[in-house]
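Residue strings, one per chain:
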Amino acid sequence: MSVHDFPIRQAALPVLSNNKVNEEYRQLILRAPSELMARCRPGQFFHLLCPTTSESAPFLRRPMSIYAALADREELHFLYKVTGLGTGTLARLQTGDVMDVLGPLGNGFTLADDWRNLLLVARGVGLATLAPLAHAAKDSGRRLTAICSARHADVLMSVQMFEGLGADVITVTDQDGTSTPDALRPVIDNLVAQGRVDAMFTCGSNRLLKLCQQVSADHGIPGEVALEQQMACGIGMCQCCVRSFRKPGGIVQLRVCAEGPVFDMAEAMGA
Amino acid sequence: MADLTTKLGSLTLQSPIMPASGTFTDELAQVFDLGLIGAHVTKTITAETRGGNPTPRVCEVAGGMLNSIGIPSKGVDYFVDHVIPIYRQWDAPLVVSISAGTADDFARLCARVSQPGVAAIEVNISCPNIEEDGKAFAMRPETTIRAMEALRAASDLPLWAKLSPNTGQTVEVAQAAEAAGADALVVANTLLAMAIDVDSRKPRLGNLMGGLSGPSLKPITLRMAYQAARSVSIPVIGCGGISTLQDVLEYLIAGAAAVQVGTASFREPAIMPRLIEELAAWMDAQGIASLPELIGSVRDDEASDAMIYAEAAP
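The listed protein sequences derive, respectively, from chains A and B.
Here the numbering used here is used: the first residue of the first sequence is 3, the next is one more, and so on.
Here the numbering used here is used: the first residue of the second sequence is 409, the next is one more, and so on.
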């Protein structure tokens, strides 16, 4: 058996670029085999072995959502915010360095045939997780509306990418007071009234998750959420990344890496 | 090519490298052929359903990690019906790890998992004994003997006793496990440890304390494996911080007949087949035909003064 017969692969991929996209976020682009990229599904993630330096040596891998997996261009994109030890060492990667990745991991988003009109509700780096859905929507001829939320306009990301893929984009910010659940609810209700929401997808904010759950319950619209949790192994062995979910028989603990990171919106509970 | 088979009592493994309990499931078959490794060791199960500890359950420290996963378990019935059958597809021996809070409960669980398809039972006596103030069975020889005698009476399968580094009586506990009928010793489990976030001043594990594993643990568990191997006549399986060929060789030379790889699989899921290849290549290059030439070959004969000191060490 060759390594290609296994669905999860550990690979050393060359860094093509690792540039700032705004004050807070960076985009890392790796050169990746097209057959590996062709197997990636929206919502899946890779587990990154952050580089070790003399000052810092992150021991565990870091899970990171796929921002784009482009088989034709042999590229794997990640969007990340420098928040700690692991992402701090990621930020220092330069063109020509090699990045050790493990993946693709986890279960991606569902795209049921009758979900013709999709609504994405994303905040912060949650945009990165939902972005591949825009590619999938375009490829399958679905209409996509993206609500992009951020603290202020300077850190709104991916708006052009979404628009370039034919999505309708609604931007909201804390700065303008447009990002609160109270402000967003009528915006989403209006989209529902226009028949533009067959399914909802969210990532990146507990507040937005709650809002989407209410909309989902009130209008009977299905939805999915991509969740984050600290991970050790990333493939289901260690039981580190569990979260609580509402199931018909009661609350259960599920592994974000193996049963997720995408879950039925109605079952997800806040962090 | 070098012969990598190793004997653990009545069991013969095709290679001395197997996973450590808690760091392995059949999900690893998504990364490499699980038929390549010496044995399959399951995560510890309990008789009852358990939820495990609050998150965060893991935090990284220099040279390793702490965990307080807390043995979440779907219970023994689920395990027997749904997990054991999965492993029938591989020839590698299946080793089932079990835990319980009392000697009697331990024995009942041991009998229940003594099923066709199970090659050996690893008894996690490093877990808290609820009859003894929550202190682990393997902290003291007396509690080790009581648990192991009950376990021995409950099953004819080989019993591997997994010892704890949280003891001042490594040799006495190892000998107690042997005397009470253990077929092999796994040395060792994680070391009780702690980490604190200085900004929030909160412990970095939801359970406040947890077990240290990874490369920083290795010198301690290597020392224990050495002490155990020279004080018992049953096989010792080294466990603790193994992530390189050098680590594997150290344990084998110290006297371990096999080793378990744990935390390293979280960083490199295919590390076990890589270490097996590297061990074979190293033995070929050294002209070592088989493992018995290596196991216990440590040259400690000229260190008699140091040995007295080692006896006094925990």
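I should point out that these hints are in silico values taken from the structure, not numbers from a laboratory.
One should not assume that every hint holds.
Mimicking DSS-like on lysine-lysine, the simulated pairs with C-alpha atoms at most 27 Å apart in a straight line are [stated by the list, open to error]:
1. B:Lys-482 to A:Lys-249
2. B:Lys-610 to B:Lys-543
3. B:Lys-610 to A:Lys-83
4. B:Lys-482 to B:Lys-415
One side only, chain A facing chain B, incomplete, derived with CB under 7 Å [unchecked claim]:
5. Pro-9
6. Tyr-27
7. Asn-192
8. Val-194
9. Gly-238
10. Met-239
11. Cys-242
Residues from chain A shown here face chain B by an in silico Cβ test under 8 Å; the list is partial [claimed, not checked]:
12. Leu-104
13. Leu-113
14. Trp-117
15. His-154
16. Gln-232
17. Phe-265
The beta-carbon is built from N, C-alpha and C at its ideal position, and this holds for glycine as well.
To see whether the hints hold, each was checked on the structure:
1. B:Lys-482 to A:Lys-249: holds (16 Å)
2. B:Lys-610 to B:Lys-543: Distance ~25 Å between Lys-610 (chain B) and Lys-543 (chain B) Cα, so the pair holds.
3. B:Lys-610 to A:Lys-83: The given pair, whose Cα atoms are some 24 Å apart, holds under the 27 Å limit.
4. B:Lys-482 to B:Lys-415: Given that 27 Å is the threshold and the Cα spacing comes to 32 Å, the pair is violated.
5. Pro-9: Where the cut-off is 7 Å and the nearest Cβ of chain B is about 5 Å from Pro-9 (chain A), the hint holds.
6. Tyr-27: Violated - the Cβ of Tyr-27 (chain A) stays beyond 7 Å from chain B, reaching only about 23 Å at its closest.
7. Asn-192: Violated: closest Cβ of chain B sits about 38 Å from Asn-192 (chain A), beyond 7 Å.
8. Val-194: Constraint on Val-194 (chain A) not satisfied, violated at 34 Å.
9. Gly-238: holds (4 Å)
10. Met-239: holds (5 Å)
11. Cys-242: This hint holds: Cys-242 (chain A) lies near chain B, its Cβ roughly 4 Å from the closest one there, short of 7 Å.
12. Leu-104: The hint holds - Leu-104 (chain A) has a Cβ within 8 Å of chain B, the shortest such distance being about 7 Å.
13. Leu-113: Constraint on Leu-113 (chain A) not satisfied, violated at 23 Å.
14. Trp-117: violated (28 Å)
15. His-154: violated (25 Å)
16. Gln-232: At about 6 Å, which falls below the 8 Å cut-off, the nearest Cβ of chain B leaves the hint on Gln-232 (chain A) intact, so it holds.
17. Phe-265: violated (16 Å)
Of the hints listed earlier, those the structure fails to meet are numbers 4, 6, 7, 8, 13, 14, 15, 17, in rising order.
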